[in-house]
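K.L.:
What follows is the residue order along each chain.
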Amino acid sequence: MKHRTPLFLTLLVLVLTAPLLWWTLEGDYSIGSVKLAFAPAHGLAFFLNLAPALALGALAFGLVKLRDRLPRFRMQGKIESFKEKPWAIPLVLLVLWLPGLFLGSKGLSQATFAAQYVILAVGLNITVGLAGILVLGYSAFLAIGAYSFAILQQWIWLPWWLALPVGFATSALIGWLVALPCLRLRGDYLALVSLGFAEAVRELLRNGGDLTGGDKGIVIQMTNRIHGIGPFSSQQVAWMGAATLALLSVAVVDRIYRSRLGRAWVAIREDEIAAGSMGIPVVRMKLLAFALSAGFAGLAGVLYGGFTVFVDPSVCTFEESVLVLAMVILGGLGSIPGSVAGAILLFLVPTWLRDWFPAMQDYRLLIFGMILVAVMLTNPQGLLGSRRHRLEIEEGKP
Amino acid sequence: MVQVLINGLARGSVYALVALGYTMVYGILGMINFAHGEVFMLGMFGVVFALGLCTTLWGTSLALNLVVALVLAVLFAAGWGWANERIAYRKLRGANMLAPLSSAIGLSIVLQNFVMLAVTKGKVDFPHFYSDAFTKTHWTVLGARITLLQLTMLGTTAILCLGLWWLIQKTRIGISLRATSQDRLAASLMGIRVDRSIAGTFILGSALAAVAGAMVGMYQGVLAFDSGYSVGLKAFTAAVLGGIGNIPGAVLGGFLIGISEDLTSYWIGSDWKQTSTFVILILVLILRPRGLLGERVSDKV
Numbered sequence: 003m004k005h006r007t008p009l010f011l012t013l014l015v016l017v018l019t020a021p022l023l024w025w026t027l028e029g030d031y032s033i034g035s036v037k038l039a040f041a042p043a044h045g046l047a048f049f050l051n052l053a054p055a056l057a058l059g060a061l062a063f064g065l066v067k068l069r070d071r072l073p074r075f076r077m078q079g080k081i082e083s084f085k086e087k088p089w090a091i092p093l094v095l096l097v098l099w100l101p102g103l104f105l106g107s108k109g110l111s112q113a114t115f116a117a118q119y120v121i122l123a124v125g126l127n128i129t130v131g132l133a134g135i136l137v138l139g140y141s142a143f144l145a146i147g148a149y150s151f152a153i154l155q156q157w158i159w160l161p162w163w164l165a166l167p168v169g170f171a172t173s174a175l176i177g178w179l180v181a182l183p184c185l186r187l188r189g190d191y192l193a194l195v196s197l198g199f200a201e202a203v204r205e206l207l208r209n210g211g212d213l214t215g216g217d218k219g220i221v222i223q224m225t226n227r228i229h230g231i232g233p234f235s236s237q238q239v240a241w242m243g244a245a246t247l248a249l250l251s252v253a254v255v256d257r258i259y260r261s262r263l264g265r266a267w268v269a270i271r272e273d274e275i276a277a278g279s280m281g282i283p284v285v286r287m288k289l290l291a292f293a294l295s296a297g298f299a300g301l302a303g304v305l306y307g308g309f310t311v312f313v314d315p316s317v318c319t320f321e322e323s324v325l326v327l328a329m330v331i332l333g334g335l336g337s338i339p340g341s342v343a344g345a346i347l348l349f350l351v352p353t354w355l356r357d358w359f360p361a362m363q364d365y366r367l368l369i370f371g372m373i374l375v376a377v378m379l380t381n382p383q384g385l386l387g388s389r390r391h392r393l394e395i396e397e398g399k400p
Numbered sequence: 010m011v012q013v014l015i016n017g018l019a020r021g022s023v024y025a026l027v028a029l030g031y032t033m034v035y036g037i038l039g040m041i042n043f044a045h046g047e048v049f050m051l052g053m054f055g056v057v058f059a060l061g062l063c064t065t066l067w068g069t070s071l072a073l074n075l076v077v078a079l080v081l082a083v084l085f086a087a088g089w090g091w092a093n094e095r096i097a098y099r100k101l102r103g104a105n106m107l108a109p110l111s112s113a114i115g116l117s118i119v120l121q122n123f124v125m126l127a128v129t130k131g132k133v134d135f136p137h138f139y140s141d142a143f144t145k146t147h148w149t150v151l152g153a154r155i156t157l158l159q160l161t162m163l164g165t166t167a168i169l170c171l172g173l174w175w176l177i178q179k180t181r182i183g184i185s186l187r188a189t190s191q192d193r194l195a196a197s198l199m200g201i202r203v204d205r206s207i208a209g210t211f212i213l214g215s216a217l218a219a220v221a222g223a224m225v226g227m228y229q230g231v232l233a234f235d236s237g238y239s240v241g242l243k244a245f246t247a248a249v250l251g252g253i254g255n256i257p258g259a260v261l262g263g264f265l266i267g268i269s270e271d272l273t274s275y276w277i278g279s280d281w282k283q284t285s286t287f288v289i290l291i292l293v294l295i296l297r298p299r300g301l302l303g304e305r306v307s308d309k310v
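Those protein sequences? They're chains A and B, same order as listed. Heads up, the first sequence is in this note's numbering, so the first residue is 3 and it goes up one at a time. Heads up, the second sequence is in this note's numbering, so the first residue is 10 and it goes up one at a time.
Heads up, some of the hints might be wrong.
[Stated by the list, open to error] Below are the DSS-like pairs computed for lysine-lysine, each with C-alpha atoms no more than 25 Å apart in a straight line:
| no. | chain 1 | residue 1 | chain 2 | residue 2 |
| --- | --- | --- | --- | --- |
| 1 | B | Lys179 | B | Lys282 |
| 2 | A | Lys37 | B | Lys145 |
| 3 | A | Lys218 | B | Lys282 |
[Said to hold, decoys possible] Just some of the chain B residues that point at chain A, by a computed CB distance under 10 Å:
| no. | residue |
| --- | --- |
| 4 | Leu51 |
| 5 | Val119 |
| 6 | Leu120 |
Keep in mind the hints are simulated off the structure, nothing from the lab. Using N, Cα and C, we set each Cβ at its ideal position, and we do this for glycine too.
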């Protein structure tokens, strides 16, 4: 019986999606009524547009399966820590800066955005991956960082690099305040509170009058934007700044993960009550995780403002939050190399797909949703989970 | 002022019906069925498609078409609720809390975008041939206008809530649902088919959401693929306000959220509805985390 379940479920889904796919509504407004019309082309177009993504998904799934069959030769243990090789940081930085000199304008802007997503994914990984708190409104903190920069720079001289700590601090403080009332509750409340918070922030930004510029947003003043230094163009400087910040975020979070703090978070994620009984200040640790995570989003927000030269409420959308969440989950909860890879993959692949198959643009979120469900059902620890994380999970199994 | 209260009550009755779905699933599984708002939205579209089907098959006839469409939409939404449980939640029942929640979010994104791509990116008008019959008839009570539709919404919600209460308290199905929510293992040892009662919870909640969807479709006159998102968020807030897992609490919370929303529009401005809902959620969590009617739950180790 068991092997028939997938077949049955496929049939069920086919039946349930059929009315919406293969028929279209035809309004008859002379009498204010509607009719149904059979439209096979409509349904076929849906599958045709989705085909490239499905093929790519099948390929990726096959590769993952194949990887599990191969003998394990992992290099993660060797490159993970920056502490053992402190000289690696400037070296990696130089290597990162180099391609900035050769990439074209489009490539540079894509690379800068990818670096921004790396910061976001690594930051969100602190709460979702390490401390096990689901955050659904992460883009709110991106917006808070960007807006705190944009609002302040209207009154005082505040170049983007000086705004970075400001954005970090504002976001972290607000994150701490939001998390305060709900951390004593079960963790899943915070997920929805953060979602509601993001909705409220967007509404505030849109209705904020002159302070937030409403729907139009705020333009960053000339002197405060990211601009060229010496022989480097502004885009090259933006890339260098973004790459440096991304590397710094990765290094900092990596160090924290290996510290007492990181181990405390992992303990809380695995069993909150047990962790509390062992003397870990659970509420304080969770607050710290939330604030730190929000702070990284604020950092990315300032970078975003300095780079795109204006901020508007579209920074703070549910789509953005889900995109970052999908990066963290796909990369592997709690795995820092995984988050980096997830961020780069999930930003670049859809961008390229959009260039090659313009019809696919609208299918982005549908595909992210499918990825989330599929990854959760097949490997809940994520696709590129770290070795330590895998051990953490497997050890707990009876 | 009376008008604002009436509008708020009508709106709240919808939130109450949707909140019931959240609270029942939470009561039985301890997880937030994030895709519930989307089932509500599918119910809305189900009604319009079913009305179209009726018109195509035998023409426009007010009462017959509405009844048939409602039944079809309820079946459609219930099917989706069941499919959701089978696909995205059943396998993850024993897993860490994060896994079912993430897959529920994924599912809700998939459903929302599926409707966006398969039906339309824009809005669909509810066929006003049917809704006019309900919105054009109205009475004046204490200087306020109450339409037949608002009355229907309140009446239907009252009947469905009583029906649900009867089902849960007085029937064998209800006993198995309650037993499953108390202790899944013990229930299964007593010969209760746990899988079935969980699937039943999803089906019941989805059916209620479909009825709510039909009424909102008529009330607002338009439906869109993202209609389920904000209603879902507010209904969830309602469930938390009343005490999640508690069925009378969900109904009370639904009405309170509905009224508060219309009061916000009346006093402050309709641009601030979302913020007022959020402020209420935060205040409840600070002042009375277990909700208005919720019991204190201790953590199980």
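K.L.:
Min Cβ distance, Val119 (chain B) to chain A: is it shorter than 10 Å?
P.N.:
holds, 4 Å
K.L.:
Next item in the hint list is Leu120 (chain B). Is there a CB on chain A closer than 10 Å to its CB?
P.N.:
Since chain A brings a Cβ to about 8 Å from Leu120 (chain B), closer than 10 Å, the hint holds.
K.L.:
Given the hint that Lys218 (chain A) pairs with Lys282 (chain B), does the C-alpha gap stay at or below 25 Å?
P.N.:
OK: Lys218 (chain A) and Lys282 (chain B) at ~21 Å, within 25 Å.
K.L.:
Mind checking the CB of Leu51 (chain B) against every CB in chain A and telling me if the closest is under 10 Å?
P.N.:
holds, 8 Å
K.L.:
Given the hint that Lys37 (chain A) pairs with Lys145 (chain B), does the C-alpha gap stay at or below 25 Å?
P.N.:
holds, 23 Å
K.L.:
Between Lys179 (chain B) and Lys282 (chain B), does the CA-CA distance stay at or below 25 Å?
P.N.:
violated, 39 Å
The structure does not agree with numbered hint 1 stated previously, though it agrees with all others.
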